[in-house]
Amino acid sequence: MNNPIIKLRGLSKHYKNKIAVDNLSLDINKGEIYGLLGPNGAGKTTTILMLLGLSEPTSGQAHVCGHDATRNPIAVKQKVGYLPDNLGFYGHMTALENLSFIGRLNGLSENEAEIKAIELLDIVGLKNNMHQKTATFSRGMKQRLGLADVLIKKPEVIILDEPTLGIDPSGVKDFLALIKKLNEEQQLTVLLSSHHLHHVQQICDRVGIFVDGKLLANGDIPSLSKQLFNKNGYVTVLRFPSDRPISDQLEKDMQALSGAQEVIVHGNELEIMSTHDQTAEMVRYVVQKGYDLVGVQQKTYGLDEIYLEYFKNEKNLNVSNEKSKGVFKKTFFRKQRG
Amino acid sequence: MKNLKESLKRRFSESNGGNEVRSPLRVLLRKEVAEHIRSWRFIILLTLIVLTFIASMYSSLSNIKSAFVATDNSSTSFFYLKLLTLTDESIPAFHIFLSFLAPILGISLGFDAVNSENNNGSLIRLMAQPLYRDNLILAKFLAPLLIVAVLFFSLSFLIVGYAMYISGIPIEWQEVVRILAFNGMTVLYVGFWLSIAVLLSIRFRQPATSALTAIGIWLFFTVFFQVVINIAIKAFIPDPNYLSADKIAYYNEVILNILRISPNQLYVDASTTLLMPMVRSLGPVSMEQMAGAIPSSISLRNSLMLVWPQLSGLIAFTLLLFAVSYALFMRREIRS
Chain A
30 MNNPIIKLRG LSKHYKNKIA VDNLSLDINK GEIYGLLGPN GAGKTTTILM LLGLSEPTSG
90 QAHVCGHDAT RNPIAVKQKV GYLPDNLGFY GHMTALENLS FIGRLNGLSE NEAEIKAIEL
150 LDIVGLKNNM HQKTATFSRG MKQRLGLADV LIKKPEVIIL DEPTLGIDPS GVKDFLALIK
210 KLNEEQQLTV LLSSHHLHHV QQICDRVGIF VDGKLLANGD IPSLSKQLFN KNGYVTVLRF
270 PSDRPISDQL EKDMQALSGA QEVIVHGNEL EIMSTHDQTA EMVRYVVQKG YDLVGVQQKT
330 YGLDEIYLEY FKNEKNLNVS NEKSKGVFKK TFFRKQRG
Chain B
408 MKNLKESLKR RFSESNGGNE VRSPLRVLLR KEVAEHIRSW RFIILLTLIV LTFIASMYSS
468 LSNIKSAFVA TDNSSTSFFY LKLLTLTDES IPAFHIFLSF LAPILGISLG FDAVNSENNN
528 GSLIRLMAQP LYRDNLILAK FLAPLLIVAV LFFSLSFLIV GYAMYISGIP IEWQEVVRIL
588 AFNGMTVLYV GFWLSIAVLL SIRFRQPATS ALTAIGIWLF FTVFFQVVIN IAIKAFIPDP
648 NYLSADKIAY YNEVILNILR ISPNQLYVDA STTLLMPMVR SLGPVSMEQM AGAIPSSISL
708 RNSLMLVWPQ LSGLIAFTLL LFAVSYALFM RREIRS
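Chains as they are written, first to last, in my numbering: chain A, 30 to 367; chain B, 408 to 743.
Keep in mind that a hint or two might mislead.
Said to hold, decoys possible - Derived DSS-like pairs: lysine-lysine, alpha-carbon spacing no greater than 30 Å straight-line:
1. A:183 to B:472
2. B:472 to A:156
3. A:202 to A:47
4. A:156 to A:36
5. A:156 to A:210
6. A:156 to A:183
7. A:145 to B:438
8. B:472 to A:108
9. A:183 to A:36
10. A:162 to B:438
To be clear, the hints were calculated from the coordinates, so they are not data collected in a lab.
As the structure is a prediction and not an experimental result, all values here were calculated from the model.
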């Protein structure tokens with residue numbers, strides 16, 4: 030498994046007044062789904078462009094499938110399929126024509142390209158719309174056509190830039206399932222960038238959190254939450270009827286439990302963090318005491334929490350996104366001096 | 408022999424079955440050509456050119472008889488060349504028309520070559536495919552040129568064929584070469600404007616901006632350039648009344664050379680020389696030089712020699728612009 034198919038070493042990209050990617054080193058193994066997670070403007074797309082040799086890094090190296098992406102982009106592009114975040118097709122051509130055009134560009138003959146295109150359109154579920162002009166396609170259909178477009182070159186790696194953006198929830202579910210299926214069936218390596226946390230959480234084997242050009246954390250989701258919260262992370266939420274306030278006595282009782290570390294009251298909810306799984310114990314206790322328990326929820330740290338926690342650590346959100354320009358400039362200033 | 412037959416057969420069946428693998432450039436070219444031909448823009452341009460052509464041919468066909476009676480003094484009549492250039496002054500000859508239609512053709516086929524692809528997101532999709540960037544820009548440049556070449560060659564061959572059919576006059580090889588050269592020149596001239604348009608389409612992100620800029624450049628060269636030169640001449644050149652004949656000739660030459668910065672001028676000079684064998688010089692000619700000359704047409708070789716500077720000027724301009732757009736595009740970071 031220790032065979033990185035994408036290898037980034039000290040990759041940096043500086044624009045005139047901005048550092049888009051800052052000294053990024055990352056390994057992605059063959060056959061895994063890696064999620065690159067970060068807010069808008071974090072440098073995800075820039076990193077991807079450098080992986081494909083579409084943008085030249087200021088320093089550092091990117092190796093994909095054993096080829097240097099900067100020096101030998103054609104070899105990389107033969108093996109990597111890229112689905113950009115807003116992709117366009119030739120609107121006056123049909124889906125099939127669009128697809129077989131890309132197939133021919135990848136060295137397939139006309140017949141092969143067409144056969145392959147029809148096969149892929151079937152896989153992504155667009156067979157019935159094959160002869161429809163792409164100008165009439167919805168966003169979700171375009172995204173699926175885009176996936177077919179990426180697959181027609183039989184890639185080893187597929188890079189998806191914000192693939193779930195602008196698709197409706199059921200579409201997202203299908204799309205992610207399709208990616209997962211392809212990953213399992215064809216041993217494809219998938220690099221997925223997104224700012225949608227739970228989409229990434231659903232399918233990624235490993236996740237990298239990318240903020241302001243830096244990779245802040247890297248690993249699978251349980252280990253990330255461990256790394257981050259430095260706790261064993263068992264949280265139980267007990268919900269009580271909203272018309273009755275939670276008594277101080279109950280709070281104290283909960284704190285008295287052997288494994289409980291912290292008890293927080295949110296209105297009619299009681300959030301208890303504990304060292305081990307005590308949910309059953311708590312419920313039994315509360316019911317015995319005659320409280321009206323209406324809901325119990327066991328909470329594991331999802332990406333949302335991880336994400337927010339990172340922002341908290343990251344100097345109080347001062348780089349949250351590129352739109353708050355004033356704030357951004359300040360950050361930049363600080364960096365230059367530092 | 409058998410082997411040859413076999414391989415030919417295989418080759419034939421392969422190309423029949425569509426099984427051959429094409430180079431990316433050819434795939435791109437094919438797509439570009441198909442796209443242009445199916446577009447409304449091209450249909451409008453085609454109509455414009457064809458209508459102009461028909462109008463000028465109509466005027467020349469209806470006047471060609473009188474032209475022959477008046478000036479039939481050389482051994483070769485150049486019927487077909489006259490057909491292409493003759494006019495009754497009501498509308499300009501076809502090659503003069505072309506000197507301002509060709510830029511429109513070039514501009515409109517190229518002004519959104521790169522930026523529209525960039526804007527609708529298909530450029531990045533193309534760039535993620537294993538092809539060199541120059542293939543794309545070459546396809547953007549060569550596809551319209553191919554279409555234009557087919558258009559002009561077929562138009563002129565059609566009219567020559569038609570005239571041959573109705574008149575029965577045999578065509579001379581010299582005329583064939585001259586007409587071919589004229590068409591080549593026209594394609595080159597369109598190529599020049601096309602390279603301006605492609606360059607602007609790389610430079611500007613909005614197709615409207617690049618179209619406007621290209622039209623601005625075209626207007627400048629067709630209308631304002633001569634005005635500006637005339638004003639400048641009045642300001643800088645001394646009063647001709649106090650100059651010797653030598654000096655006047657010298658200044659005339661200078662003015663003409665400045666005017667030749669304008670590509671239209673180059674094209675008009677070159678096409679006139681190619682289509683009218685009677686034209687023997689593009690600059691002023693003194694009485695002494697004319698003294699011993701026989702009023703006959705000059706040979707094809709001499710005509711070609713005469714237009715060579717114009718031709719190389721246009722080629723140089725085109726290549727220069729193409730090189731600039733190439734450099735710009737290669738260094739461009741493409742993002743959607």
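Would the hint linking residue 156 of chain A and residue 36 of chain A be met if the CA-CA limit is 30 Å? violated, 37 Å
Agreement of residue 183 of chain A and residue 36 of chain A with the hint, judged by alpha carbon distance not exceeding 30 Å: holds, 21 Å
Given hint residue 183 of chain A paired with residue 156 of chain A - CA-CA distance at most 30 Å: Roughly 19 Å separates the two Cα atoms, so the pair holds.
CA of residue 156 of chain A to CA of residue 210 of chain A, is that 30 Å or under? Holds. Residue 156 of chain A to residue 210 of chain A sits at ~19 Å (cutoff 30 Å).
Do the alpha carbons of residue 202 of chain A and residue 47 of chain A lie within 30 Å of each other, as the hint requires? Not satisfied, since the Cα-Cα distance of roughly 36 Å exceeds 30 Å.
Restraint check for residue 472 of chain B with residue 108 of chain A, where alpha carbons must lie at most 30 Å apart: This hinted pair is violated, its Cα atoms lying about 68 Å apart.
Hint consistency between residue 472 of chain B and residue 156 of chain A [alpha-carbon to alpha-carbon, up to 30 Å]: violated, 65 Å
Is it true that the CA of residue 183 of chain A sits at most 30 Å from the CA of residue 472 of chain B? Roughly 68 Å separates the two Cα atoms, so the pair is violated.
Sort out whether residue 438 of chain B lies within 30 Å of residue 162 of chain A, counting only the CA atoms. The given pair, whose Cα atoms are some 15 Å apart, holds under the 30 Å limit.
Is it true that the CA of residue 145 of chain A sits at most 30 Å from the CA of residue 438 of chain B? Answer holds: residue 145 of chain A to residue 438 of chain B is near 19 Å, not above 30 Å.
Of the numbered hints listed earlier, those contradicted by the structure are 1, 2, 3, 4 and 8.
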